[in-house]
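Start from chain A and add chain B according to the hints.
Which chain is which? The protein sequence lines are A and B, in order. Heads up, the first sequence is in the numbering used here, so the first residue is 1 and it goes up one at a time. Heads up, the second sequence is in the numbering used here, so the first residue is 1 and it goes up one at a time.
There are no misleading hints in this set.
With a Cα cut of at most 30 Å, we get these calculated DSSO-like pairs of lysine-lysine:
1) A:Lys70 - A:Lys57
2) B:Lys38 - A:Lys11
3) B:Lys38 - B:Lys70
4) B:Lys3 - A:Lys57
5) B:Lys38 - B:Lys16
6) B:Lys38 - B:Lys3
7) B:Lys38 - A:Lys57
8) B:Lys3 - B:Lys70
9) A:Lys57 - A:Lys11
Partial pick of chain B residues on the chain A-facing surface, computed with a CB cut under 7 Å:
10) Gly43
11) Glu44
12) Leu45
13) Phe47
14) Phe91
15) Gly100
16) Phe104
17) Gly107
These are computed hints drawn from the structure, not numbers from a lab. The structure displayed is predicted, hence computed values, not measured ones. Beta carbons are placed, not taken as given, at the ideal position from N, Cα and C, and that holds for glycine.
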Amino acid sequence: DAGITQSPRYKITETGRQVTLMCHQTWSHSYMFWYRQDLGHGLRLIYYSAAADITDKGEVPDGYVVSRSKTENFPLTLESATRSQTSVYFCASRGDRGPWGEQYFGPGTRLTVT
Amino acid sequence: AQKVTQAQTEISVVEKEDVTLDCVYETRDTTYYLFWYKQPPSGELVFLIRRNSFDEQNEISGRYSWNFQKSTSSFNFTITASQVVDSAVYFCALSEGSWGKLQFGAGTQVVVTP
Numbered sequence: 001d002a003g004i005t006q007s008p009r010y011k012i013t014e015t016g017r018q019v020t021l022m023c024h025q026t027w028s029h030s031y032m033f034w035y036r037q038d039l040g041h042g043l044r045l046i047y048y049s050a051a052a053d054i055t056d057k058g059e060v061p062d063g064y065v066v067s068r069s070k071t072e073n074f075p076l077t078l079e080s081a082t083r084s085q086t087s088v089y090f091c092a093s094r095g096d097r098g099p100w101g102e103q104y105f106g107p108g109t110r111l112t113v114t
Numbered sequence: 001a002q003k004v005t006q007a008q009t010e011i012s013v014v015e016k017e018d019v020t021l022d023c024v025y026e027t028r029d030t031t032y033y034l035f036w037y038k039q040p041p042s043g044e045l046v047f048l049i050r051r052n053s054f055d056e057q058n059e060i061s062g063r064y065s066w067n068f069q070k071s072t073s074s075f076n077f078t079i080t081a082s083q084v085v086d087s088a089v090y091f092c093a094l095s096e097g098s099w100g101k102l103q104f105g106a107g108t109q110v111v112v113t114p
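Looking at chain A on its own, in the form it has when it is part of the complex (with noise of 0.2 Å):
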């Protein structure tokens, strides 16, 4: 499918598990971030990166684990979940055209915690 995918689209785990959540985008965009939405904070970006290899910590990178060793994917993992990270989570792509170019979002992981 061309665009940005995620999956699962859904999730349910239990506290202690390990969780990966997919991202996949089909533009060759350079730059990709992960968000996580919660009510009452916008999106809080969590990693994001700037090319294969290379990542970096947002704002609440905190039990999460990044990985970029192929442009069109940016696994996000969560080592131990724990509740506090239930949440939907939206990965972004953007492309070369500079910090103004707008970000495309997937269609987001709703994940609970249970």
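What follows is chain B alone, placed relative to chain A:
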């Protein structure tokens, strides 16, 4: 510290009324970018408009218009002649630096009733 403030949590209007969404931002950078995104009930995030810090010219695009004032650090967004399809959460976002990371406000829920 919250860098983007959307003081209005929810706005309810009747169809055909105008709606103005307020956004106040905070930055020390001289170069930055401001965005508005829309999140309809289906959950996806849709880019609406963008403004850079060097261009204070206000514009109109269809039923959308925006008022950017650096003196008051505000980037307000207006929907003219609202329609039921405009019902959504609207997010204001700030981009600083070269990576284009977005910092979102908490969002304003717009409810348009027939």
